[in-house]
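Quick note on UniProt numbering: the sequence shown kicks off at 1 and runs consecutively.
Worth flagging that the hints you see were computed from the coordinates, not collected in a lab.
All residues carry an ideal CB built from backbone N, CA and C; glycine is no exception.
Warning: the hint list may mix true and false statements.
Stated by the list, open to error - Calculated lysine-lysine pairs in the DSS-like style (CA-CA distance at most 27 Å, straight line): (1) Lys139 <-> Lys190; (2) Lys107 <-> Lys190; (3) Lys139 <-> Lys185; (4) Lys35 <-> Lys107; (5) Lys107 <-> Lys139; (6) Lys185 <-> Lys131.
As the list claims (entries may be wrong) - What follows is a set of in silico ranges between Cβ atoms, one per label pair, in the way DEER data are often shown: (7) Cys150 <-> Glu89: 37 to 45 Å; (8) Ile97 <-> Gly192: 13 to 21 Å; (9) Glu89 <-> His129: 29 to 37 Å; (10) Gly195 <-> Leu92: 29 to 37 Å; (11) Arg128 <-> Asn93: 22 to 30 Å.
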Amino acid sequence: MFSCHYDGCESETDTSSSESEPDPVECALSRYKAKNFEELMNCELDSTVTCFNFPKIRDKDNRHVRFGNTSDDEQKEPSCDDLFYDETEDELNAQWISEHLPGNSGKPSDAVLNCPCCMTVLTVSCRRHAKFRTKYSSKFPVHCIVDEACALSNPKPAQAKRRKCDFTAMKSQTIANCLISNPIKQYAVKCGVCGIVVGTKQDKSDEVQFSHVLASHA
1 MFSCHYDGCE SETDTSSSES EPDPVECALS RYKAKNFEEL MNCELDSTVT
51 CFNFPKIRDK DNRHVRFGNT SDDEQKEPSC DDLFYDETED ELNAQWISEH
101 LPGNSGKPSD AVLNCPCCMT VLTVSCRRHA KFRTKYSSKF PVHCIVDEAC
151 ALSNPKPAQA KRRKCDFTAM KSQTIANCLI SNPIKQYAVK CGVCGIVVGT
201 KQDKSDEVQF SHVLASHA
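Take these sequences, add in the hints, and give me the full structure.
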C-alpha cells in the first residue's frame with residue numbers, strides 16, 4: 001500500500017527504519033483479531049446464505065412432490081367425473097324436449113325455427129313449403145304471440161289467364177270472386193320475447209306461417 005523513496009539521507013533512513021519495526025506482540029494480537037473477525041464474517045455470511053436458499057430448496061421439494069403426483073394421476077384412467085362432457089346429456093335434452101315442447105311426437109321435422117332477433121326457439125315441429133324454401137308452417141308454435149289488433153291486408157288475387165277451356169276460366173273467376181267477397185283475415189305473429197314479427201296466422205286456421213325466421217336443419 002505504501003512506498004518509500006530514498007532521499008539521500010542515511011541517518012533519517014536509519015531512524016525511520018528503527019521506528020517502523022513492528023512489535024511482535026501487537027502483530028500477533030492484530031492477526032488474532034483479524035482471524036476472529038474473518039471467522040465471524042464467514043459465519044454470518046453462511047447463515048444469511050442459508051436463510052435465503054432455504055425457500056428455494058423448499059420450492060424444489062414441493063415441485064418434486066407435485067410432479068410425482070401429476071405422474072401418478074396421468075397413470076390413472078380418467079373417470080366420468082373428470083371429463084368435460086356428459087355422455088347422457090343429449091339423451092336427457094331430447095327427453096326434456098319431448099316432454100315439454102308441443103308437437104314433438106317423434107315425427108321428423110323439416111327444421112327447428114328460431115327468432116332471427118333473439119334466437120328464441122319458435123317451434124321444433126314444422127313443414128317446409130314446397131315452392132318457397134324460406135317459408136314454414138307449424139301447428140305447434142312456442143314463445144309466439146298472435147297480435148289480433150294487427151290485421152294484415154290480403155293481396156289482390158291475380159286475374160285468371162285465358163284458358164282454352166271456358167269452363168276453367170269461369171271456375172277461376174268464381175274462386176276469385178269468392179275470395180273478394182269473403183276475405184280471409186290474417187294476423188301478425190310476433191316473438192313472445194323480443195316482439196319482432198316472425199309470421200302470420202289466418203283467422204280460421206290453427207297453423208302459423210313462418211316467413212321471418214332462422215331455420216336450423218338436422
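Outcome of the hint check:
no., hint, in the structure
1, Lys139 <-> Lys190, "15 Å, holds"
2, Lys107 <-> Lys190, "26 Å, holds"
3, Lys139 <-> Lys185, "18 Å, holds"
4, Lys35 <-> Lys107, "99 Å, violated"
5, Lys107 <-> Lys139, "13 Å, holds"
6, Lys185 <-> Lys131, "23 Å, holds"
7, Cys150 <-> Glu89: 37 to 45 Å, "40 Å, holds"
8, Ile97 <-> Gly192: 13 to 21 Å, "18 Å, holds"
9, Glu89 <-> His129: 29 to 37 Å, "34 Å, holds"
10, Gly195 <-> Leu92: 29 to 37 Å, "32 Å, holds"
11, Arg128 <-> Asn93: 22 to 30 Å, "24 Å, holds"
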